[in-house]
Structures are given as C-alpha cells and as structure tokens.
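Number of protein chains: 4
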Amino acid sequence: MAGLGIGLIGTGFMGKTHALAWGAARAVLGRDLPEVRLEMLCDTPQDRAAEMADQFGFARATGDWRALVTDPAVDVVSITTPNNLHHEMACTALRAGKHVWCEKPMALTLAEAEEMAQAAHEAGAVTMVGYNYIRNPAFLHAKKLIEEGRIGRVVHVRGWVDEDYQADPDLPWTWRARLQDAGLGTLGDLGCHLVSMVVGLAGPIESLVADTQIIHDTRPLPDGSGRGAVENEDTATALLRFANGAHGSISSSRSAWGRKNKLDWEIHGTRGMICFAQERMNELQVYLNEGPKAEQGFRTILSGPEHPPFSAFVPAPGHQLGFGDLKTIEAADLLTAIRDGGQAYPSMQDALVFERVIHAIADSARRGCCRVTL
Amino acid sequence: MAGLGIGLIGTGFMGKTHALAWGAARAVLGRDLPEVRLEMLCDTPQDRAAEMADQFGFARATGDWRALVTDPAVDVVSITTPNNLHHEMACTALRAGKHVWCEKPMALTLAEAEEMAQAAHEAGAVTMVGYNYIRNPAFLHAKKLIEEGRIGRVVHVRGWVDEDYQADPDLPWTWRARLQDAGLGTLGDLGCHLVSMVVGLAGPIESLVADTQIIHDTRPLPDGSGRGAVENEDTATALLRFANGAHGSISSSRSAWGRKNKLDWEIHGTRGMICFAQERMNELQVYLNEGPKAEQGFRTILSGPEHPPFSAFVPAPGHQLGFGDLKTIEAADLLTAIRDGGQAYPSMQDALVFERVIHAIADSARRGCCRVTL
Amino acid sequence: MAGLGIGLIGTGFMGKTHALAWGAARAVLGRDLPEVRLEMLCDTPQDRAAEMADQFGFARATGDWRALVTDPAVDVVSITTPNNLHHEMACTALRAGKHVWCEKPMALTLAEAEEMAQAAHEAGAVTMVGYNYIRNPAFLHAKKLIEEGRIGRVVHVRGWVDEDYQADPDLPWTWRARLQDAGLGTLGDLGCHLVSMVVGLAGPIESLVADTQIIHDTRPLPDGSGRGAVENEDTATALLRFANGAHGSISSSRSAWGRKNKLDWEIHGTRGMICFAQERMNELQVYLNEGPKAEQGFRTILSGPEHPPFSAFVPAPGHQLGFGDLKTIEAADLLTAIRDGGQAYPSMQDALVFERVIHAIADSARRGCCRVTL
Amino acid sequence: MAGLGIGLIGTGFMGKTHALAWGAARAVLGRDLPEVRLEMLCDTPQDRAAEMADQFGFARATGDWRALVTDPAVDVVSITTPNNLHHEMACTALRAGKHVWCEKPMALTLAEAEEMAQAAHEAGAVTMVGYNYIRNPAFLHAKKLIEEGRIGRVVHVRGWVDEDYQADPDLPWTWRARLQDAGLGTLGDLGCHLVSMVVGLAGPIESLVADTQIIHDTRPLPDGSGRGAVENEDTATALLRFANGAHGSISSSRSAWGRKNKLDWEIHGTRGMICFAQERMNELQVYLNEGPKAEQGFRTILSGPEHPPFSAFVPAPGHQLGFGDLKTIEAADLLTAIRDGGQAYPSMQDALVFERVIHAIADSARRGCCRVTL
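Residue numbers (the working numbering), protein chains in the order written: chain A, 6 to 379; chain B, 6 to 379; chain C, 6 to 379; chain D, 6 to 379.
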C-alpha cells in the first residue's frame with residue numbers, strides 16, 4: 006500500500022485536529038513529505054467511529070483500539086484519548102512496531118511516562134508528544150533570535166498559562182477532579198505546555214520551589230447527592246533556576262476568569278526582551294537595546310513569510326495562522342522524522358523533561374515548598 | 006462517481022488555500038456536507054500542475070484550463086488566477102454547466118463582472134466570490150449583535166484596509182501597475198474586501214464622494230531601461246452615505262508601511278459601538294451603554310464556541326482560527342448551497358454590489374470628487 | 006509689582022487647568038521663565054469668583070470681566086469662558102494692552118476669529134490659543150522624527166477625533182445644539198484639535214471635500230415642552246489634499262459611544278509610519294522600514310526624558326504625563342514668548358489656519374460636498 | 006502665620022514632585038483643605054537650595070536639614086533624600102514635633118523603619134510614606150469593585166514591577182550596588198510599591214517563600230580601576246499566601262529591558278478578574294462572569310469622573326492623569342489627616358507592613374528559599 010497508514014484513536018477536540026493535520030500536512034508543507042493514508046479511526050461506540058471516519062475521510066473504523074494499534078495497514082498511531090488511557094495505548098502500539106503521536110501530558114504519573122519513553126526507545130520507533138504551541142512560527146522566531154544572541158544572555162524568565170474552565174464555583178464535580186482518574190490538575194492540562202515553551206527558549210530547569218492551591222475544594226455532585234472533593238490543584242506557581250544560571254517563575258491557573266488560552270511568557274536578556282501571548286499567537290513583542298534611545302520600544306512583529314514555516318500556509322504577512330495550523334506543522338515534523346529515519350521533537354524522551362518539571366512542581370508543593378532538583 | 010468533482014485553476018497563494026479548503030470543509034463542518042473529489046488541477050506549465058496535483062492530492066493535472074472547465078468529471082470550478090483571467094474562465098465554466106467559486110475581484114471592469122453575473126444567472130449555477138473575511142466567526146457575531154439591536158440604530162461607519170506591498174519607492178514596475186492588465190489598484194486588491202464587510206454590517210451604500218492618489222507615479226523598469234508609469238491608485242478614500250441614513254467613510258492604501266493585513270472597521274450605533282481589526286481577527290471590541298457608567302468600557306471578546314462556526318474547528322475559546330480556516334468555511338458554505346439547490350452568499354450577483362462600490366469610488370475620483378449614486 | 010500679573014476669566018473645566026498651569030509652569034519648566042502673580046479671577050456670580058480665587062490662590066476676585074481685562078495689575082488674560090464670549094473678551098483685552106491666552110475654538114464664526122487675530126496684530130500682543138494636544142512630548146517627538154525624514158516623505162494622513170458626550174439619544178436639548186449660541190458642533194469642540202495636530206505634522210491643507218451629519222436631529226427640551234432642533238453637526242468627515250502633495254482624511258464625531266478622548270492619527274511616509282492615540286497619550290507607534298524584515302514591527306515608544314520637555318516633569322520614562330501637564334507646557338511656552346518679546350505658537354494668527362479648516366469642512370458639506378480651497 | 010508651613014528636603018526627582026504637589030493640592034482638591042505656605046527648602050550645596058527655592062516658590066532655603074526640621078515656621082516636613090538619610094531625618098523631625106511625609110522605602114533596614122514608626126507613634130504626629138501608586142483613581146476603583154464583591158472572593162493574586170535602569174551590563178558601579186549605602190536592590194526601589202498595591206487589594210500576606218538573583222555581579226568602577234561588587238538583588242520573586250486564603254506571586258526586576266514603569270497586577274476572583282498596568286495608568290481591565298457568554302470579555306475602563314478623585318483634575322473621562330497628579334492626591338490626603346486630627350494612609354505604621362514584606366522576601370532568599378511567616 007502506498008503511503009503511511011494512519012490510525013487515529015479518539016475523535017474529540019484533539020482527535021479532530023489530528024485528523025485535519027494528517028489530511029493537510031503534505032498539501033501545506035510540501036511534496037518532500039511522505040504521503041499518508043487515513044487508514045483507521047477508533048472511538049466508542051463503534052457507530053461514532055464509523056460516522057467520524059466518514060466525516061474525516063478514514064477508510065475504516067473500529068471500536069477496539071487494540072485492533073487499530075496492531076493492524077498491519079497502520080504505520081502511525083495518533084493517540085488523543087483521555088490522559089489515563091495514553092500509557093497503555095502507547096506502549097501497546099509501540100510494542101506492535103508503530104510510530105506514535107501522543108497527546109500531552111503523556112500519562113497520569115511520571116512512572117508511566119517513563120515506561121512509555123522506555124518502550125519507545127526499545128521499539129526504535131519515532132514518537133512525538135503533542136506540544137503544539139512550540140510549532141508556532143512566532144515561537145520559532147523567538148527561539149532563533151535568542152539563539153543568535155539578539156537579546157544577549159538570557160537572565161530571567163517568566164511564564165503564565167491560564168484558562169477559566171474551572172473558574173465557576175458552581176460547576177459540577179467531574180472525574181477531572183480525581184487524582185486517580187485525571188492525575189495532575191492545571192499542571193497537566195496547561196502547565197506542561199508552558200514548560201515546553203520556556204525550556205525551549207531558556208534551556209533546562211535545574212531546580213525549583215513551588216506552591217499549589219485548590220481554590221474550590223469541593224464541587225456539587227452531578228446527581229445532586231452532595232459535594233465531591235477536588236483532589237488536584239487549581240493553581241500552581243514555581244520559582245525556577247535554570248541550568249544556564251537564569252532565574253524565573255511560572256504560574257498556572259485553570260480558574261482564572263476571562264483567560265481563554267493565556268499562555269504567555271517573557272524572556273529577559275542582557276540586551277533585550279522578547280514577550281509572547283498565545284491569545285495573540287501571530288505576534289511577538291521584541292525590545293532591543295539598539296539605535297537611538299528616543300526611538301526604542303517594544304515592537305510588535307506580525308508573523309509572516311520571514312518566519313518559517315509561515316509561508317507554507319500563506320505567503321502574505323498578517324494573514325494569520327490558527328490553532329489547527331500548529332497541529333499541521335506538528336504532523337509534518339513527525340512525517341519528516343519518519344521519512345529521514347531520525348527522531349521527532351519532542352519525542353517521548355524529550356517530553357519526559359517537560360513532564361518531570363510539572364511533577365516536580367506538584368512534589369515541591371506537597372512537601373511544603375521545598376527545593377526539588379531535576 | 007461519488008461526490009462533487011472539484012476542478013481548481015491556479016496553484017499560487019489563493020490556489021493553495023482553495024485546495025486546502027476543499028480538503029477540509031466536510032471534515033471540519035460536518036457530514037451533512039456533500040463529499041468532494043479533488044478531480045483536476047490546472048496550472049502552467051503542465052509540469053507545475055502535475056507537481057501540485059501530487060502535493061494537493063488532486064487526481065489529474067492539466068495545463069489547459071479549457072479542458073478543466075469542460076471536463077465531465079468536474080462539477081465545481083475554483084478560479085484563483087490573476088484577475089484579468091477570471092472573466093473568460095468563469096463565463097466558460099458557467100456555460101459548461103459548472104458551479105463556480107471565483108476569487109475577488111470578479112474582473113477588471115464592471116462590465117465584465119456584470120457579464121459574469123449574467124452568465125451565472127443564465128446557467129442557473131451556484132456561484133461564490135471569494136470574500137473570505139465575512140466568514141470570520143467574529144464578523145458573524147458582530148453582524149448578529151447589530152441585527153439584534155444590541156448597539157441600537159447604526160448611525161456611522163468607518164473602515165480602513167491597508168497593506169504595505171507597494172510602500173517601498175524602490176520596488177520595480179510590474180504589470181500590477183497597468184490599468185489594462187490589473188484594473189484598479191488598491192481598490193481591487195484590498196478595498197473590495199472592506200466594502201464586503203461594511204455593507205454586510207450596515208447595509209447598502211447609496212452614494213459616495215471619493216478621492217484617489219498615486220503616490221509613486223513611476224517605478225523603475227525591471228530591465229533597467231528607465232521608469233514605467235503607475236496607472237492605478239495607491240490610495241483611495243470615500244465619504245459614504247448608506248441607504249439607512251448612516252454616514253461614513255472608508256480608506257485604503259497599498260503603500261502603508263507596517264500594515265500587513267489591516268482591515269479594520271468600527272460601527273457606531275445609538276447604544277454602542279463595535280470595532281474589529283483583521284490583524285487580530287479572533288477579537289471583537291464591543292462597547293455597550295449598559296450597566297454602571299463606572300464599569301463601562303470596550304470589551305475584548307475572544308472568538309469561541311459561542312460564535313458559530315468556531316467550535317467546528319476547536320471547541321475551546323481563545324484557540325484561534327487562521328486565515329485558511331476562513332476559506333474552509335467559505336467552501337462549506339458553497340457546498341451547502343449546492344446541496345440545498347440554493348444560492349451561496351455572496352454569489353456573483355451579490356458580489357456585483359461590492360464591486361460597483363469600488364468602481365464608483367474610482368469614478369468619483371476621476372470626475373473630480375463628484376457625488377456618484379449607486 | 007514683581008512678575009507678570011495673571012487674570013483668569015472662567016473657573017470651569019478649562020479655567021481650573023489654566024489656574025493650575027499658571028501656578029506650575031515656572032516650578033516645572035524652570036527659573037528662566039518669568040515669575041507670575043495670580044492677580045485676579047473672574048466668574049459669575051462674584052461669590053463663585055471669590056471662592057475659587059481662594060481655592061486657586063488668586064489675590065483678587067471679580068464678577069466683571071471688563072474690570073479684569075482693564076486692570077492695571079493684570080498683564081496676561083486667560084479666557085476660558087463659553088465660546089460665544091471669546092471674541093468680545095479677547096478683543097477688549099487686546100485693546101487694553103494685555104497678552105491673551107484664549108481657549109479654542111477662537112470664536113463662533115470665522116469672521117470673529119479673524120477680527121481677533123487682527124486685534125492681536127494691531128495690539129502687538131503675545132497671544133496663544135489653547136491647542137494643548139500639540140504640547141505633548143510624544144507629539145513633539147513625532148514631529149521631530151518627521152522633520153528629520155525618519156519616515157521619508159509624508160504621503161498620506163488620517164485622523165479621527167471622537168467623544169461620546171452627545172451619543173445618548175435621550176440627552177436633553179441644550180444651547181450647545183443651537184448654531185447661534187454654539188456655532189459649529191463636533192468640528193468646533195473636537196475637530197479643530199485634530200486639525201492642529203495633522204497640520205502640525207503634515208503641513209497646510211490646500212483643499213478639501215467634506216460631509217457632515219446630524220444624527221439626533223431633535224432632542225427633548227428640558228422643560229418637557231416638546232423637542233428642540235439640533236442645528237449643528239454630530240459628525241464631520243473630510244477628504245484632504247495637503248500643500249505638499251499628500252492626501253488624507255479626517256473624521257470627527259461627538260456621538261461615538263465608548264470614545265472618551267479619541268484623538269488619533271497616522272502619518273504615512275515613504276519609509277515608515279507614525280501613529281498616535283490620545284487615550285494613550287504617553288505612547289507613540291512607529292514603524293520604520295529598517296533592519297531585517299523579520300524583525301520589523303510597530304514599536305511602542307513610551308514618553309521619557311529623551312522626549313522634551315518630559316524630563317521637566319519626571320526624569321524617569323514611563324512615569325506618565327497627564328492632561329494638566331499639557332496645559333503647564335502651554336503656559337510655559339506663552340511665558341517664554343512674552344519673556345523673549347516674540348510670538349507664541351499657535352498665536353491667534355496661527356490658529357486661524359486651523360479654524361479656517363473646520364469652517365471649510367462645514368462649508369463644503371453645506372454646499373453639497375463641493376471642493377473648498379483654503 | 007496662616008496656613009501650614011511646608012519644609013522640603015531634597016530637590017531631585019521626588020523633591021520636585023513634592024514641591025509641585027504641595028503647590029497644587031488645595032487648588033485641585035478643594036477649599037476644604039488647609040492652606041499651605043512653602044516655607045523652607047533644603048538641599049546641598051546651599052546655592053542649589055536657593056535656586057530651587059526660587060523655582061519652586063519656597064520662601065527660604067537652607068543647606069542644613071537640621072535647621073529645617075526644627076524651624077518653628079515649619080509644620081510639615083517632606084523627606085525626599087536618598088534612602089539612607091530617611092531614618093535620621095524623619096526621627097529628628099518627628100521628635101521636633103513635625104508631621105512627616107517621607108518617601109519610600111522608609112529606611113535601609115527594617116529595624117530603622119520600626120524605629121521611625123515608633124518615633125511617629127510617640128510624637129503623635131501625622132505621617133505618610135510615599136506610596137503614590139495607590140492614589141490612582143483606577144486603583145481606588147479596583148479596590149472598590151473588590152470590596153463590593155464584584156469579582157467575588159479573591160482567590161489568586163499576581164504582580165510584577167520592572168524597570169530597566171540596571172539592565173545594561175556596561176553601566177558603571179555606583180553606591181546603589183552597596184548594601185550598606187543602598188540597602189535592598191530592586192525590592193526597595195520597586196518591589197515595595199507592588200506590595201503596597203497587592204496588599205491594598207487582597208489584604209495582608211501571611212507567609213512567603215522567595216528567591217532573589219544578582220544578574221550582574223560586578224560592574225566597572227567609574228574610575229577605571231577594575232570592577233566593583235554588586236551586593237543587592239537585581240530580581241526577586243516570591244510565592245505568597247494571603248491571610249484570606251488566596252495564593253499568589255510577585256516578581257520584580259530592575260534589569261528588565263524595555264520596562265520603564267511596569268507595575269502590573271491581576272486579581273483573580275471567583276466571579277471575575279481585574280488587571281492593571283501602570284504604564285497605562287488610566288486604564289483598568291475588568292472581566293466579569295455576567296451577561297451572555299458570547300459577549301463576555303475583558304473591558305478596558307478608562308479613568309473618568311466616575312472614579313474619584315479624577316474629576317478634581319478634569320471633569321472629562323479619557324483626559325488622563327499623570328504621575329505628578331498622584332503626588333497631588335497624596336499631599337491632599339496628608340492635609341486632610343492633619344486637618345481632621347486623624348492619621349494618613351499609609352502612615353509609617355501602615356507602611357511597615359509593606360516593608361516587612363520586602364525584607365521577608367530578601368530573608369527567605371538568603372536562607373535558601375525557606376518559608377517566612379509575617
């Protein structure tokens with residue numbers, strides 16, 4: 006069969022974005038990429054899978070993920086199911102010889118994530134974890150500016166990632182509030198994205214001290230039988246020390262009214278500063294200590310053809326990329342790695358670094374804000 | 006053959022966005038839409054067509070657009086070629102019984118555009134002209150707010166559309182500067198988009214008075230043999246009177262340094278105001294004279310699931326749509342019209358209204374800023 | 006008596022700012038300025054004058070402006086009364102040998118304004134009209150950048166000045182709506198400020214074509230006896246041609262919900278653009294076609310010590326100036342002119358240029374949007 | 006002698022703002038305030054004092070601060086000298102029976118600050134420490150909204166205060182880098198202002214964990230003889246727990262390129278959020294979970310007459326206050342307390358609370374990021 010066979014598990018928010026990304030990657034990023042076949046889609050019940058396979062253009066549908074991950078016509082498995090299923094699905098797929106694209110966070114516990122990375126290593130597979138925000142041309146341009154020394158030595162870092170999906174005190178209790186089912190709270194949902202960005206820009210975090218908070222410690226049970234306990238954190242904040250000597254801090258809340266996709270950071274250098282806000286993802290704010298003082302200011306750089314791979318989507322600056330486009334770039338990067346027999350970034354091994362940080366934050370907080378070395 | 010056969014002419018900026026939109030529309034917007042086949046792609050030379058057909062996933066390629074528009078397996082023709090070719094291609098396709106999706110502006114002259122609309126009418130075809138910015142959920146929400154009377158009666162309107170692709174005085178002369186080849190200048194490239202938005206929000210324009218300007222009246226010829234004349238306008242500005250009694254103004258420049266895709270407007274009502282800026286296309290600024298004076302202010306509404314069809318792309322607010330997504334919505338709207346046997350908006354007949362405005366602006370300016378009634 | 010004796014007529018909004026400016030000018034801008042004595046304050050009734058003289062620190066109070074403008078201890082007269090009183094007060098003061106600082110607009114009609122300028126000329130007095138927004142260090146820096154050629158040749162200009170004090174359809178009728186009492190509408194209140202800025206930056210306007218609009222043509226009479234006619238314009242918009250060849254447009258509305266002090270402009274040059282928004286009066290937006298394309302963007306320059314006379318107020322950038330500070334600079338500029346035996350800018354003669362523009366706009370509109378040459 | 010006699014020590018940045026504030030307070034805020042006499046100004050050398058007394062309008066000048074603080078015609082002493090002088094000057098003035106307005110931070114060490122507060126208590130004097138940013142009408146409105154419960158219960162707090170006056174690695178060493186002369190670094194200069202704001206909005210801080218960093222650990226000595234050690238912190242960040250159960254964090258840097266007066270905070274509540282940025286000090290960002298979801302967004306509230314005491318300066322919204330106006334309000338609040346025989350806010354006792362926080366941050370960092378209880 007021509008092309009790489011794609012198997013996708015899950016048809017929700019991220020499932021759809023994977024389906025679209027697989028369909029668009031080569032058309033957008035170019036003929037150098039391998040062709041793909043949308044081979045099999047899995048969801049439950051099976052009817053749902055069949056309907057969505059029709060909609061997304063997959064050839065076959067199944068209600069049994071084990072059938073999908075072992076199907077001989079499937080070469081790459083996309084895992085977009087709830088977090089507590091990632092571990093088993095990924096390990097099984099890897100052991101069946103598949104490449105794996107898994108959504109973040111990898112797993113509920115660090116131990117499971119480590120096992121996944123180990124399985125990937127043993128299988129010699131290409132893996133990628135869905136840290137889509139680091140695909141943004143604006144992010145890549147920031148990284149390039151930093152690497153070229155345009156802002157000098159990085160000395161301080163700050164980041165925030167907030168949403169408001171748990172801000173309302175009256176929201177009912179769900180499984181998301183239970184450690185056993187959901188694992189970490191805001192750290193797993195949001196915090197790890199921020200970590201992928203600040204580590205990408207400022208390098209590894211060496212140690213941290215952190216605090217977390219449960220704002221709404223119980224929520225009404227949906228069946229009206231009382232209130233259920235919220236076991237995982239609503240907010241988390243950490244003081245960071247980076248390996249390169251920079252200090253910094255990150256903070257996350259899932260209960261921050263008005264924040265829909267705040268994922269902002271600022272990188273302080275000895276010659277300038279770069280800032281970014283995800284809700285305006287096609288903009289970068291850059292201040293350089295250059296030229297006449299009277300003319301210095303933060304400049305708003307709009308993403309454009311000068312910022313690869315923007316022009317693969319549109320050749321005109323100011324014609325914005327959207328969230329889905331980030332997933333398309335992600336798929337293309339995975340395809341490139343498969344084609345070249347290399348590794349994608351971030352592989353499960355790479356992603357472990359990010360996930361260690363969020364678990365270290367939870368750990369530090371649990372242990373009374375003690376310093377945790379990574 | 007199952008599904009609608011798509012024929013696409015052109016593989017440049019807009020050609021690629023059409024190809025992607027055709028591929029994504031049903032996967033994004035839902036199974037109620039007809040299936041499509043990417044049947045045939047045309048560009049010159051034929052090799053280019055073949056390469057891009059491979060990349061975009063079209064079944065066949067041709068260097069002969071007449072072959073495409075008459076091919077029996079083609080049901081819908083996408084026209085994304087330079088503006089001076091639209092007229093003949095569209096008319097031929099329509100007369101061959103095809104539905105047509107044509108990029109804007111329809112043609113170099115109003116007479117040609119009228120002929121296209123007439124051909125569409127006679128063919129009974131479904132047509133759509135590529136006014137993609139009116140597909141934006143943020144725009145649709147603004148329109149809904151206005152229709153619901155949230156800002157009261159519309160009394161004043163302002164709009165601007167600027168880019169800087171002709172700002173550099175040293176850019177060489179191209180065919181874009183010649184009336185015969187390119188038709189209008191900034192009005193055709195940019196102005197008509199703005200018209201599609203303000204008319205969509207405030208209704209028909211009744212009359213106008215306008216002025217235009219050629220900033221760089223010659224440019225260096227590419228062969229170094231001297232300088233060529235720039236024949237079409239760099240800027241255009243018009244005083245508007247709307248049928249509903251509102252006044253307003255619009256202005257456009259293709260020589261506005263720093264503007265990459267400025268396409269901004271503000272609608273003044275008797276109870277509030279709505280503003281929009283395309284470079285931040287996922288935001289709407291709304292001021293309502295409601296609640297305590299001490300708490301009034303422009304609010305920044307981020308596009309989200311409350312603003313259809315946003316959630317078809319992502320169910321989470323603040324996860325932005327991009328330019329390509331607008332074309333996907335456009336394709337879906339065209340597919341809906343074909344499925345339902347109705348007409349798409351804006352059909353060639355509808356789009357004539359927009360294009361009459363830009364020609365009226367040019368006309369008023371040519372005649373010494375006299376009032377032109379539409 | 007030591008120092009210049011100040012006589013102030015009016016204790017409302019602008020009266021207070023004049024009083025404060027007179028008190029602060031030398032303390033802020035330096036000992037090179039002449040000392041002033043707050044000699045006499047006029048308002049009606051006399052009790053009000055006495056109270057405010059106590060509050061503002063004036064030595065004497067009167068209810069008779071003629072007594073003030075002829076008082077031998079008064080050297081400079083500040084006129085901050087309603088616009089219909091400016092003409093007689095200013096002419097009388099000038100003929101009594103006083104220097105005059107008069108609020109804008111100079112008068113209800115151009116004829117009266119011309120008479121004032123003539124009286125100033127004949128008296129050999131120093132005059133200044135209260136165009137305070139052109140005192141802003143940010144504005145002065147923009148002007149400097151333009152004069153130094155940083156944005157190349159100015160080719161296009163746009164400006165807007167909006168407030169919402171007449172936006173509410175239910176506001177009662179006042180004298181402000183009557184031509185005979187108030188003269189122009191939004192043009193006199195707001196438009197002339199904008200003209201002072203764009204002419205300051207782009208030079209004289211040669212001709213224009215304009216339209217105006219009365220949004221709320223009647224308003225409820227305060228005594229409940231019916232509705233009174235609104236005779237002057239709510240909005241005004243003009244197409245401009247400048248003497249230097251640039252084109253442009255300006256627009257003003259006093260019925261624009263949410264706009265509290267919008268007074269914005271953008272100057273398009275062949276090498277860059279400068280934009281300004283009065284509601285963020287300590288910021289300038291500058292785009293220069295310089296350096297790597299990938300790093301170009303509008304930069305937000307915060308006012309600071311590099312932008313005279315900012316540092317006279319605070320030596321630290323980002324520590325903002327406010328509205329009152331603009332009046333202090335204005336007073337200091339007037340004092341400088343008096344000290345040096347020169348003329349202040351804008352003198353009544355200079356201000357006539359601005360006021361001719363607003364009357365030309367009204368004139369063009371009245372005559373069916375015909376071209377008016379200045 | 007009529008009125009309160011003012012003695013001012015220092016004529017630099019803050020000295021000038023005090024002088025202007027004393028001159029303007031009653032004229033702006035009203036006749037209910039006591040009159041003041043600008044009695045005596047102190048600086049060294051005496052010539053400088055004499056010159057500035059002339060400029061600022063003080064009756065007498067001296068080079069001897071002890072003469073000033075004991076002068077019988079002086080009732081209130083403004084202390085605007087370098088921080089290491091505050092303690093002795095304030096204590097001497099208080100013991101001489103004067104009211105004292107002292108710039109922040111109170112002193113180099115907490116022990117000295119405590120002694121000052123004790124001296125104030127014993128003297129029964131009215132004192133005020135110069136936390137000017139909490140005078141801003143926008144801040145006061147935020148405080149009012151929070152107290153009225155508009156954003157529900159405060160659950161999380163974040164704040165930042167950055168400037169770039171120590172960002173340049175090549176700046177020469179100064180006394181500001183020496184603990185003995187300058188005390189704390191960014192915490193004393195900037196951090197305490199932020200503390201005054203977040204404590205004002207969210208109440209007392211109960212405990213914290215913090216880290217600090219010296220970015221540039223040596224700087225070139227001005228005499229070219231090598232490099233001097235920087236002994237105090239360039240950045241400081243703390244994890245906070247408030248008495249009301251909220252968590253939060255604050256961070257400060259004096260080496261943050263591009264930040265001129267960043268002093269920003271966000272207060273997360275269970276029903277909304279309020280954000281503020283000092284560089285846009287006339288704006289408040291407020292999000293309320295009210296009304297249709299489709300219309301929710303952060304609204305930008307511009308300061309205006311609805312936000313006391315804004316209208317004392319200008320009756321029109323959007324006509325901005327500046328930095329100096331904050332000091333005028335501060336002076337008026339001090340005058341009110343003197344008139345009423347009450348205490349001003351923040352008195353030295355109140356300000357101790359803020360200063361304890363910055364010393365606790367330094368302390369936590371010094372002790373390896375341990376928890377410090379306040």
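Check before you lean on any hint, since a few could be wrong.
Since the list can't tell identical chains apart, any single copy or any two copies may satisfy a pair.
[Claimed, not checked] With a cut-off of at most 16 Å between alpha-carbon atoms, the simulated EDC-like pairs for lysine to aspartate or glutamate come out as follows: (1) Lys267 - Glu288; (2) Lys149 - Asp76; (3) Lys298 - Asp173; (4) Lys298 - Glu120.
These are calculated hints, taken from the structure and not from any lab test.
The model shown is predicted, which means the values in this text are computed figures rather than measured ones.
**Message:** With identical chains, the pair Lys298 and Asp173 could be close in the same copy or across copies; at 16 Å between alpha carbons, which is it: within, between, both, or neither?
**Reply:** between (46 Å within a copy, 13 Å between copies)
**Prompt:** For Lys149 vs Asp76, is the C-alpha pair at or below 16 Å within one copy, between two copies, both, or neither?
**Reply:** neither (41 Å within a copy, 48 Å between copies)
**Asked** Which holds for Lys298 with Glu120 at a C-alpha limit of 16 Å: within a copy, between copies, both or neither?
**Response** For Lys298 and Glu120, the Cα distance exceeds 16 Å both inside one copy (54 Å) and across copies (42 Å).
**Alpha-carbon proximity context of Lys267 and Glu288, limit 16 Å** = For Lys267 and Glu288, the Cα distance is within 16 Å both inside one copy (14 Å) and across copies (14 Å).
In terms of the numbered hints stated before, the structure departs from hints 2 and 4, listed from lowest to highest.
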